[in-house]
Every structure is written in C-alpha cells, then in structure tokens.
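Novice: Take the two lone chains, each set in its own frame, and fit them into one complex as the hints suggest.
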Amino acid sequence: MNHENPQFVLFGIGFNPSNILMLFVTCLVVFLIAVASTRRLQMKPTGMQNFMEWVMDFVKGIIKNNMDWKTGGRFHVLGITLIMFVFVANMLGLPFAIVWDDQLWWKSPTADPVITLTLASTVVALTHFYGVRQLGLGGYLKTYVQPIPFLAPLKIIEEFANTLTLGLRLYGNIFAGEILIGLLATLGAGSVFGLVGAVIPALAWLGFSVFIGAIQAFIFVMLTMVYMAHKVSTDH
Amino acid sequence: MLDTFVLLSANADAGFLASLNQRLNLGDIIVTVVFFTILMVLLKKFAWGPLMGIMDQRAQLIATEIEQAEKSRQESAKLLEEQRALLKEARDNAQSIVENAKKQGDTQREELITAARAEVSRMKEAATLEIATEKEKAVAAVREEFVSLSILAASKVLGKEISEDDNRALIEETIVKAGEGR
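For the protein sequence lines, the chains are P and U, in the order given.
Under my numbering, think of the first position of the first sequence as 286, with each following residue one higher.
Under my numbering, think of the first position of the second sequence as -16, with each following residue one higher.
If we strip away everything but chain U, and leave its shape as in the complex, we get (with noise of 0.2 Å):
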C-alpha cells in the first residue's frame, strides 16, 4: 500500500516535471538566478566594495579637509585679531610717548625761560646797585672836591688862616643842608 503511494507519487513527480518541462523552461530560471547572484557577488568582491571604499574614503577626506579649513580659517581670525590688538597698542604706546616727550619739552621750556628771566632781573638788580654805589661815590668825591675848594676859596677871601680844622665840620654841614635844600 504505501509502496504504491510512494511509486506513484514518484510516477507522478516524474509527469509533472516532464510536462512542466513542455511548457516551461526551468533550467532557464535556474541559470538566469545563478548567474545574476554569481554576478552579483563578484562585482561586489571586484568592483562595487573597492568603488565604495574609495567614495567613503573621498566623501571622508573632504570633510576632515573642510574641518581643517574651518579651522585654520577660524585660526587666522584670531591672529588677525591679535596683531590687529598689537598694532592698536603699538599705536597708543607711541602716541603716549610723543605727548610725554611734548610735555616734557614744554616743561623744559618752561624752565630755562624761567631760570633765564631770574638771571636777567638778578643781574638787573646788581647793575642797578652798582650804579648806585658809584654815584654815592661819585657825589662823595664831588662834595669832597667841593669842600676843599670852598676851604680854599674863604681862605683866599677872609685873607686869614682859619684852622682848617675848626671850620671844616662847620662847611660841610652846610654843604649837606644845601645839598638837602636842593
């Protein structure tokens, strides 16, 4: 009983593939699947993994190259800013010195005008005493001359000896109150 069954189903696997054969060809699907996945699979090995990796390592490369750019970029800015900090203070350092040196020369100035105006009224000063001190001596030797003259002249008029000593204190102390009353 079962051996029947299963020559008859063998019987009846064998007619099926024998009129499926008729009207389909399976070794046709079966090559066409072969031979797309064998296809497949070594352009896979040959071709597309190779052409990927080095898309991936170029797609890789550009953004480790735009975030290098990115940086030095970034990089540059700052020194930019710094020498631009530097100059401004660079700037400011000579602009303080020149004023300072200005002032300094004002204050100088200043100083010799001062010191030179105090020479000047200082050897004024001295000159003027000078004069002074010479026209006292002058006037002193004048009324000196003076007295010995009027000596000598009333001696000449009165004809007689007066001591000279006697009368000398008396003439010049007209002399001086002349000289006041002049």
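For reference, chain P alone in the conformation it holds in the complex (with noise of 0.2 Å):
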C-alpha cells in the first residue's frame, strides 16, 4: 500500500505528475458534464439540464442557511463548482488505482493532503478576502475583538484550525476509503478464497465510499459558506 509518488522537478519547484494528471482529468470531467447538461438549454427542462439545476438549487440553499441572498449570490459559483469538483475528485478513485513502477498514478486527487489543504487554505483565503471586502478593513479587524476582546488569540487561532479541519477531514476520508478498498482487492486478488471472502465487503465499501464522498463534498462546500458567512455578515 505504501507506493512512492512520481516526482519531477521545474524552474526549481516540485510537482507530483500524478497529482496533476488527477487534477486535469477531475477538471475534465467536471466540464464535460456541465457542459454537456447545459448544451440544449429549455424553458422546461429535461434530463441532465434537471440534475444541474438541481444541484444549483442545492447549493443556493446551503448558501441562503448561512448569509442573505444578497450577500451570498456572489459565492454561487463557487460553490457549485466546488461542490462538483469535490465530488468527481472523491468519486475518481473508487473504480480502481493504478500503479506503474511502484508509482501511484491514478487515486482520487483529494487523497492527497496537499491538494485538499490548497483547497481548504484558498477557501478560507477567499473568506478573508471577502470580509475585507464587504466591512472594510477596520471592520474586518473588529470582527477579532468581538465580542469580548481578550479572545482575539483564540479567534486567530480558530482561523488556522479551520483551515486545517476542513483540507483534512476531506483527505483523511477519501484516503482512508482508498487504502480500505485497496487492502480489500489485494485480498480479493490473492486466492479463491480471499475473492469469495473480499466481494461482500468490497462492495459494501464501495457503496459507503460513494457516500461518504457526496457527504465529504457538501460538508466541504457547507462549511465553506460557513466561514464565508462568518466573515461577511455583520449582525453576529
């Protein structure tokens, strides 16, 4: 279980090439389904057009639990892409992994901890961002001191234990799900017996991973419009 990364060094940076495959072939597929459910746009819509909007609904509604519309329509996007990346990201590793050289190529991109702290940290950067933005700078700062300032070193330290708890809950379900179902092949793969005694649970795991990815996936872009609402909204 334990494979090495690929590795390749340019302009004096690190890159794991199987990270970036992932991560293409993730962004890929995400496109190619939005894209293709949104090619024949109808009044009364059908088939795929359906699921998207549905999941725009979705989202509009995690968003409207947390701040007003007026405030939160600008982060529509980002959670519905969000929210799709995530997901296929959790999904692609489910099938099989394929390892070349004793490298791991293919595995779900948000198995790695790198990929879901850039994530996590890019959200929460944004959250910053966006307080800035929407209270000024003196408001942002005040939201430290609020309500009794002798927390101020606790509320700094909640930001980086937010970042941390949100790229790592992400990765550690994926990759425990992954190491789960890779222990259970190679027992399938081993004897007749290990294949009659690994197809059950196998498939049990599989059916839990595809869940526990959708949940991994609203979590994230809930917790997300958490924080996002945290910072932007003045009547806290």
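No false leads were mixed into what you were given.
Label pairs and their in silico Cβ distance ranges: (1) U/73 <-> P/349: 49 to 59 Å; (2) U/64 <-> P/333: 47 to 57 Å; (3) U/76 <-> P/327: 49 to 59 Å.
Derived from the structure by calculation, the hints contain no laboratory data.
Note that this is a predicted model, so its numbers are computed, not measured.
Beta carbons: idealized from backbone N, C-alpha and C, even for Gly.
Specialist: Here it is in structure tokens:
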C-alpha cells in the first residue's frame, strides 16, 4: 500500500505529475458533465438539465442557510464548482487505482493532503478577502475583538484550525476509503477464498465510499459557506 | 558588505526553496489553485452562466404568467358580475313589462265592461220608453174607438140624433173620469 509518488522538478519547484494528471482529469470530467448538461437549455428542462438545476438549487439552499442571498449570491458559482469538483475528485479513486513502477498514478486527487489543504486554504483566504471587501479593513479587524477582546488569540487560532480541519477532514475520509478498498482488492486478488471473502465487504465499502464522497463534498461546501458567512455578515 | 548580504540572502532563498521542495509539493499547490480557477472561470462562462440565465428567465416567466392569470381572473370576475347585473336588469324589465301588460289588460277589460253595461242600460231605457209610447198609443186608440162606439150606442139608444160635436166633449170627459176612477 505504500507506493511512491512520482516526482519531477521544474524551475526549482517540485511537481507530482500524478496529482497534475488527476486534477486535470477531474477538471475535464466536471467540465464535460457541466457543458453536456447545459448544451440545449430549455424553458422546460429535461434530463441532465434537471440534475444541474437541482445542484444549483441545492447549493443555493446551502448559501441561503448561512447568509442572505444579496451577499451570498456572488459565492454561488464558487459553491457549485466546488461541490462538483470535490465530488468528482472523490469518485475518481473508487473504481480502480493504477500503480506503475511502484508509483501511484491513478487515485482520488482529494486523497492527497496537499491538494485538500490547498483547497481549504484557498477557501479561507477567499473568506478573508471578502470579509475585508464587505466590512472594510476596520470592520474586518474588529471581528477579532468582538464580542470580548481577550478572545482575540482564540479567534486567530480558529482561522488556522478551520483551515486544517477543512482540508484534513476531506483528505482523511477519502484516503482512508481508498486504503480500505486497496486492502480488500489485495485480499480478493490473493486467492479464491480471499475473493469469496472480499466480494461482499468490498461492494459494501464501495457503496459506502460513494456515500462518503457525496457527504464530504456537501460538508466541504457547507463549511465554506459557514466560514464565509462568519466573515461577511455583520449581524453577529 | 551589501553585496555579501544580497548573495547570502539569495543563497538562503535557494536553500530554503530546495529544502521546501523535499517536504512540500509547491508545484501541486500552484497547479491545484490554477486548475480550479480555470475550471471555475470556464464553467461560469460555458455552463453556470447560461444555466443561471435560463433559470432567472423561467422565474421571470412564471412571475409574469402568475400575474397575467391573476389579472385575467379578476377580469373574468368583473365580466361575470357585469353579466349578472345585466341579467338581473333584463329580468326586472321583463317582469315590469308583464305587470304593465296585465294592468293594461285589466283596465281595458274594466272599460269594456263599463261600456257594455252602459250600452245595455241605454238600450233598456230606450226599450222601456218605446214600450211606454206604444202603450200610450194603444190606450189612445182604444179610447178613441170606445168613444165612437159609445156615441154610436147612445145615439142608437136615444133614437135621436144628437149632435155629435156637442156631446163628444161631454163623453170624452166622462170616459177620462171613469178611467181615473178605475
């Protein structure tokens, strides 16, 4: 299970081509699904358009739960892209993993902590950006000393804790899921008895992983909007 | 002095980057952010934008449809009210016409009956008058006859010619007296 990651260095910066490949595949799949379902837009929606509209309304509901739509409307596109991206990324590692020369090439991109933490940091950075833009620099800084000034250190720690938990929760769930799928696959490939024994748990765990992937995508977007609401709304 | 510092810092930078590369995939971070941003921009342009557009359009359509439905409902209610009022008016009109006709008929009948009654009484009076006249005439004729008969009888009884002209007045007076005495 302990495969090496492929690695190369360009301009003095290290890259993991496996991550790049999987990120590209994820982006491609999301883009194709989205574009295919919005090609022939109709007033009376059919098929995939229905699904996409449901996703939009779903994300809209998440945002509306946390802030009023006037402030939250601008995060709609971010939310839909994020939920589709994370969900597809979670799903990619489920059907199979590809190992080449003991290097892991095909996996869920979200099973890599660098990627999930990058997404989480981006989201948290965006919340700070919109917080400053919405409340002004003074108003933004004031949120750290409200309601009680001596809690300011906790508030600052909270920002880092939020980032860490947001990224590591996603990483942990998906990585653990892939490890267990890998173990069950190894067991199934070992012998006939192993195959018989592994089929039912593997199927169950695959189903559960699909469920976890969807839930984690939902949680990621929901927490994004919760953090965003903390920063941009004044009524706290 | 300054040159050395710059060199040192550059060396330190390079050393820092190299040591960072061993622990952290800086490239992955950049690629993740760049890919995600590109995906978001592309999707906004090609998928979410048009989809949001059509959803807004639909919302607007539904709103106008509801408004229109409400308007036409009010209009039809108004028309219904108008029609009902018209119908009521027509019914009232018809009733008043029938009543008028009945009244007129009654009056006419009344008039006819009165006229007929008047005519009947007038005819009755005329008949009575005629009867009376006829009776008078008959009585006069009988009286005349009676006088001449009486004279004839008296002259026969007396055997003598009495002057008819002299006695006639006397006899008539007697007869009238006898008639009154009767």
